[in-house]
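Residue numbers (the working numbering), protein chains in the order written: chain A, 1 to 257; chain B, 1001 to 1257; chain C, 2001 to 2257; chain D, 3001 to 3257.
Just so you know, the hints here were simulated from the structure itself, not pulled from any lab data.
Beta carbons are placed, not taken as given, at the ideal position from N, Cα and C, and that holds for glycine.
Since no wrong hints were added, every one of them can be taken at face value.
Estimated spans, in silico, between C-beta atoms of each pair: (1) T2029/C / R3179/D: 34 to 42 Å; (2) T1242/B / R2077/C: 32 to 40 Å; (3) T2029/C / A3092/D: 52 to 60 Å; (4) I1067/B / R2087/C: 51 to 59 Å.
4 protein chains.
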Amino acid sequence: MMSDDILHLGSRGFTNRLFTGTGKFAANTLIAPMLAASGSQMITVALRRIDASGRSENILHHIPPEITLLPNTSGARTAEEAVRIARIARAAGCGDYIKIEIITDMKYLMPDAIETLKATEILAGDGFVVLPYILPDLTLARRLESAGAAAVMPLGAPIGSNLGLETKALIAQLIETCRVPVIVDAGIGLPSQAAAAMEVGAAAVLVNTAIATAADPVAMGRAFDLAVRAGRSAWLAGPAGTSNTARASSPLTGFLE
Amino acid sequence: MMSDDILHLGSRGFTNRLFTGTGKFAANTLIAPMLAASGSQMITVALRRIDASGRSENILHHIPPEITLLPNTSGARTAEEAVRIARIARAAGCGDYIKIEIITDMKYLMPDAIETLKATEILAGDGFVVLPYILPDLTLARRLESAGAAAVMPLGAPIGSNLGLETKALIAQLIETCRVPVIVDAGIGLPSQAAAAMEVGAAAVLVNTAIATAADPVAMGRAFDLAVRAGRSAWLAGPAGTSNTARASSPLTGFLE
Amino acid sequence: MMSDDILHLGSRGFTNRLFTGTGKFAANTLIAPMLAASGSQMITVALRRIDASGRSENILHHIPPEITLLPNTSGARTAEEAVRIARIARAAGCGDYIKIEIITDMKYLMPDAIETLKATEILAGDGFVVLPYILPDLTLARRLESAGAAAVMPLGAPIGSNLGLETKALIAQLIETCRVPVIVDAGIGLPSQAAAAMEVGAAAVLVNTAIATAADPVAMGRAFDLAVRAGRSAWLAGPAGTSNTARASSPLTGFLE
Amino acid sequence: MMSDDILHLGSRGFTNRLFTGTGKFAANTLIAPMLAASGSQMITVALRRIDASGRSENILHHIPPEITLLPNTSGARTAEEAVRIARIARAAGCGDYIKIEIITDMKYLMPDAIETLKATEILAGDGFVVLPYILPDLTLARRLESAGAAAVMPLGAPIGSNLGLETKALIAQLIETCRVPVIVDAGIGLPSQAAAAMEVGAAAVLVNTAIATAADPVAMGRAFDLAVRAGRSAWLAGPAGTSNTARASSPLTGFLE
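Bound conformation, chain A alone:
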């Protein structure tokens, strides 16, 4: 239906706007069926979990080859560390996409704007497709655009919190103002919240914890796919406005008179 509604990032086009993650599944064998059920075409993975040595389980064995990998720099505390992780990921064959996560606060896992900007400048210059994880900071987002980011990934709420779109008003500013796609990245806990992000114009959402820790992760992956498509369809279909009073749907007078 929406086959020509394509999100372009780097050299690829995505017809599915639900990005997923590999963390927190009770068993890694759930990842492939979750990807199949959700239709997700891009999945983020921490480089730490990619073992090229073959000594421990490699998370990549659970990801079908047609899925685009989005390695992230989880664990980095500085631009320098993030850059190093990104380069190792590319050298390991994970491709050119990189999600920059630079975090020093261990309680709320809030991103570091200044180091993220530095890493974006460097990695974009290196030819990476750079997706930085940020607070929905409008001025920062514009600077990241100028630095060559392929998209910006503002958080809805703290990573893994499932609290939803706590920052919705700020995210809407980015969507309205940025030229690059705005992908909501953290905190989404329910399909309705993913739909709401798409309804205000997000280009995609990334959902990990809410899927991985559901009682049935495969079914929840399917639910998020439906919700993202619902929200995207609504955005395209042109929602009607709201009214502070009622507006009758049915004739209210005259029937019995």
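Add chains B, C and D to chain A, keeping to what the hints say.
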């Protein structure tokens, strides 16, 4: 996928949990394609709009025969009037389903609890499948159950307002407590709101204005179908809980050490 | 300052719009200092706690004589029981004010609209100053007015929950439409929520649990008094509207050019 | 009552935690009575409005000498411009307090994190009492502390929007984590919102538009003072928690049995 997840109302079972309405479409010719796109299996129609005489356009001509009609008593101000409308609808061949709407306030179109209870008692006794439109009033809902209602239809916000689930906390009480299905009936303005109603356990939602007055009503009908299925799937898949702090999705330490 | 801003109920005028309650204090000796600190001029008390026999502690000993008593019918499950409690309260010297609480649901303590209306009709006819506890149901509120209620007391959230103004949108309908004062009665958990109720035009608020179970109930009584006066003052001062974009408070250009 | 609850900023202590502003009043002659009514002890003023030359009206003539001036760098687009404005303000006798506002986005007036950090480093080194206006960005706030900021001033919503605490969840992170006072600075539109900011532990709030553009700015100043004290008192008094179900305030059984 969810073919055995059936909502039973009266003698029929519904595999689609999006109920729709016939009001406010720019052209009645949009109704049939909207029904096809949304998969909706039940549609509400004001008796006023059914012209059995053949002198004016009959809305029923636009509704395929496999769709269950849910005539409503819009325009009624008392139980007596509602009962009279219901009986006329049945006599006109509209079937046994009846949505009771008894309204005296013309600004917010809030329902009248006392008259609604009276009408429910009478019409359930007459063999109707009675779906009363109400405030999410827990005590009233229990009384309606006892009076023979097949479901209760609490409002999310004023009819036609598109304001969403303003009464979510009260609706959740009904869902938790009632034995009959709880169908959210008014105010839903966006697919994400329909999904949210389903996620807290609503059995179905009825959406009219948000579909009929969208720029593209057919596409919006499709978006609501996706959202209702997303919310229902999430409810069945067992959502994870929330956390006030972050919970890392990816390993945060050790990579570069 | 607002000495001529008086709330009239029955034959009395109230310059303080914070009503309080006697339940849940760690010690009844906290009630008098809480009343002094908060300035509250009306306090609700369950008849069950008034022991005229002298055999057990009588809560009335802790309430200064200048405070207006608002006996409530807590424990009543029918109009008949509520009427009986009201008459006993009056006979016991508690005055003419009565708050009708008729509840059959023991989990959410939601009021029973139909029985509440019956009791209001009877007690208003008996000369009581009747304040019914209700859901914010517009049609019911209008019926209660016609039945002689002196005010209506819609709930913000379940009794004792401290969840705040979950029903704010419905309460606003009552305030806009009713001729009698609208007093928000349950669920208020923080002073900001009391202020918000007053800002949309509530005539008063009743707060019990949030004061009685605070770490320092006397200081919290004072905090609620300030908040109620803040909200009332704002309502009278004519708040400015909102804007979806920023509006500079300071000149943004020209200084350094 | 709270005379020993003092907010220390620089060398001064403040017993009133409502900071105000000079912008947007219909007449500057309203400023002095607003300050008297609100009890505010600190007021922000754009340097642009201070005319030391005597040729046009000088806003300072309307501010009593006991009020602490908080010059702001409104109009600055870079750290360098902000530093220059700050030094001019100090040279003009406006004292050592400076609120850093560095803004390049003209629609939402969102602050620039990177330039703000630079200006803070420089001005703190110069001996200013630096209060930077920021997004509630936890990592940035920690960096500003290290750079010598006397407080941080996160925004609740866009300047002048009156939309309230849209960023409440993020502000709470700063309050929990920062050692310096957290002063909520923009977007507060109603006293209840100011109270809510104080209830979560803000050290103070700055309110300009909501007071200046009220129908009665002097009365609204008084309302905000009450609300700030209400919220502060509640924070000190130890609010009770919330419950998802009701908790009876009055005995529910036994009276009539």
